[in-house]
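> Chains A and B, in that order, give the protein sequences. Count the first sequence with the working numbering and you get residues 566 to 799, in order. Count the second sequence with the working numbering and you get residues 566 to 799, in order.
FYI, nobody ran anything at the bench for these hints, they're computed from the structure. Bear in mind the structure is a predicted one, so any value in this text is a computation, not a measurement. Careful: at least some of the hints might be erroneous.
[Claimed, not checked] Just so you have them, the derived chain B footprint on chain A, three or more residues with Cβ under 8 Å: (1) 579-592; (2) 646-655; (3) 734-740.
[To be verified] A short list of chain A residues far from chain B (calculated; beta carbon distances all over 10 Å): (4) Gly686; (5) Pro773; (6) Leu782.
C-beta: ideal position from N, C-alpha, C; glycine also.
Number of protein chains: 2
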Amino acid sequence: MTPKTAHLVGILGGMGPAATADFYARLIRHTPARRDQDHLRVAVWADPTVPDRVHAVLNGTAEPYPALLDGASRLRDLGVTIAAMPCNTAHVFLPRLVAETGLRFVDMIEATVASVVTAGGAPRTAGLLGTRGVLHSRLYQDRLSAAGIRPVEPDADTQGSVDAAISATKRGDLGAAREFAVEAVRRMARDSVDAVVLACTELPLVLPRGNSDLPRLVDPADELAIAVVAHCRG
Amino acid sequence: MTPKTAHLVGILGGMGPAATADFYARLIRHTPARRDQDHLRVAVWADPTVPDRVHAVLNGTAEPYPALLDGASRLRDLGVTIAAMPCNTAHVFLPRLVAETGLRFVDMIEATVASVVTAGGAPRTAGLLGTRGVLHSRLYQDRLSAAGIRPVEPDADTQGSVDAAISATKRGDLGAAREFAVEAVRRMARDSVDAVVLACTELPLVLPRGNSDLPRLVDPADELAIAVVAHCRG
Numbered sequence: 566m567t568p569k570t571a572h573l574v575g576i577l578g579g580m581g582p583a584a585t586a587d588f589y590a591r592l593i594r595h596t597p598a599r600r601d602q603d604h605l606r607v608a609v610w611a612d613p614t615v616p617d618r619v620h621a622v623l624n625g626t627a628e629p630y631p632a633l634l635d636g637a638s639r640l641r642d643l644g645v646t647i648a649a650m651p652c653n654t655a656h657v658f659l660p661r662l663v664a665e666t667g668l669r670f671v672d673m674i675e676a677t678v679a680s681v682v683t684a685g686g687a688p689r690t691a692g693l694l695g696t697r698g699v700l701h702s703r704l705y706q707d708r709l710s711a712a713g714i715r716p717v718e719p720d721a722d723t724q725g726s727v728d729a730a731i732s733a734t735k736r737g738d739l740g741a742a743r744e745f746a747v748e749a750v751r752r753m754a755r756d757s758v759d760a761v762v763l764a765c766t767e768l769p770l771v772l773p774r775g776n777s778d779l780p781r782l783v784d785p786a787d788e789l790a791i792a793v794v795a796h797c798r799g
Numbered sequence: 566m567t568p569k570t571a572h573l574v575g576i577l578g579g580m581g582p583a584a585t586a587d588f589y590a591r592l593i594r595h596t597p598a599r600r601d602q603d604h605l606r607v608a609v610w611a612d613p614t615v616p617d618r619v620h621a622v623l624n625g626t627a628e629p630y631p632a633l634l635d636g637a638s639r640l641r642d643l644g645v646t647i648a649a650m651p652c653n654t655a656h657v658f659l660p661r662l663v664a665e666t667g668l669r670f671v672d673m674i675e676a677t678v679a680s681v682v683t684a685g686g687a688p689r690t691a692g693l694l695g696t697r698g699v700l701h702s703r704l705y706q707d708r709l710s711a712a713g714i715r716p717v718e719p720d721a722d723t724q725g726s727v728d729a730a731i732s733a734t735k736r737g738d739l740g741a742a743r744e745f746a747v748e749a750v751r752r753m754a755r756d757s758v759d760a761v762v763l764a765c766t767e768l769p770l771v772l773p774r775g776n777s778d779l780p781r782l783v784d785p786a787d788e789l790a791i792a793v794v795a796h797c798r799g
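Just chain A, with the same shape it has in the complex (with noise of 0.2 Å):
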């Protein structure tokens, strides 16, 4: 057995599904493989009935916890050996699953803000689109600053478009949600930041690759897919 089939990774996902099921094809294609053996083994727990994130974070109630630390011990019992959660607001909380499960996480926002800090430019601004949850929480707010890199929020117009492209790719209008999203992107834009970071793993799925139109675009679910990649191999 080679290192790299030695490892299980877990997902813990349905936050939400489309995204998940997108961090699993990103996993696949960020591991060198010339036929299946050579893939990683993973299993998934993807639970979409877990309580409205957002809602929670916003009100300071720990809601979806029992849903995240009951798929989190599934993953663990499974014999799960690295775990990730394709869910940004989600990561509020991470350390309290990891503490009482055990389970190695790799973490999507650090992998995210290693990301921006060591890509080309050196940015020195990075925008920041994703859900009220997750920006109330600062979870990349204070990361990034600690970087020595200006995080900057969305203003409240630009947070709409965010909420409504968000809302639209869980009902499955990705025409409408494609729409909002480089909207919000746009308004962003309009701040002159190096880069923007999707901070909801359900804006990257809709919006549109390598548009030079664009500022630099951080997806934190690809950034997730190679770290979990470059642990299991490393």
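Given chain A, work out where chain B should sit, using these hints.
Quick look at chain B alone, frame taken from chain A:
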């Protein structure tokens, strides 16, 4: 709890990994939902290290079976109420898997043949493109014949293109895979079949959709996803 969220869908995957991620994405797309909480709970066990299914079927061994049994048992123990295995060739082992785990599966071959029979145009012939293992097993031929549809098997050159398409998909060379897959469909189309069943889950990953130039393509993974959602919605 609605009847829908009470279900836990199990995906026994990894054969190959990209087909598994794609199947999960289809399951989500076929689920009518307005928000995360309307989606199905899903557990995936994806072990790409399962020994080669085609080799086993062609040589009459059960080499992949222990890994399949392990995965199915894990899904059952997680509380899975309905399972799906998005790999055609592995369906050779399905009856034994069901008998030995008691886990309920939606049979992908059955769902596909049912769709071929009921879909518009009342096809009389169906071309089969799949691994040498799935063809050798006669999984599709016998059920299509029983349903009054004449199965058409690929000739040696067509099978060569199919094999090349599958290998290229598994090593992530999607451009080459697409060329080989289109070539295989065109060769099969020379027999003027009414439909072509893409009887390997790697093939639909690379074939262009809605190409009116090609005969009607039937995608078993899509039929499986539709059947699983229908089962869960009662």
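> All the hints need checking, so say for each whether the structure fits it.
Structure-based check of all given hints:
1. 579-592: It holds, with 10 qualifying residues against the three required.
2. 646-655: violated (count 0)
3. 734-740: holds (count 3)
4. Gly686: Fine: 29 Å to the nearest Cβ keeps A/Gly686 off the interface.
5. Pro773: Check passes; 19 Å lies beyond 10 Å.
6. Leu782: holds, 21 Å
Hint 2 from the list above is the single one not met by this structure.
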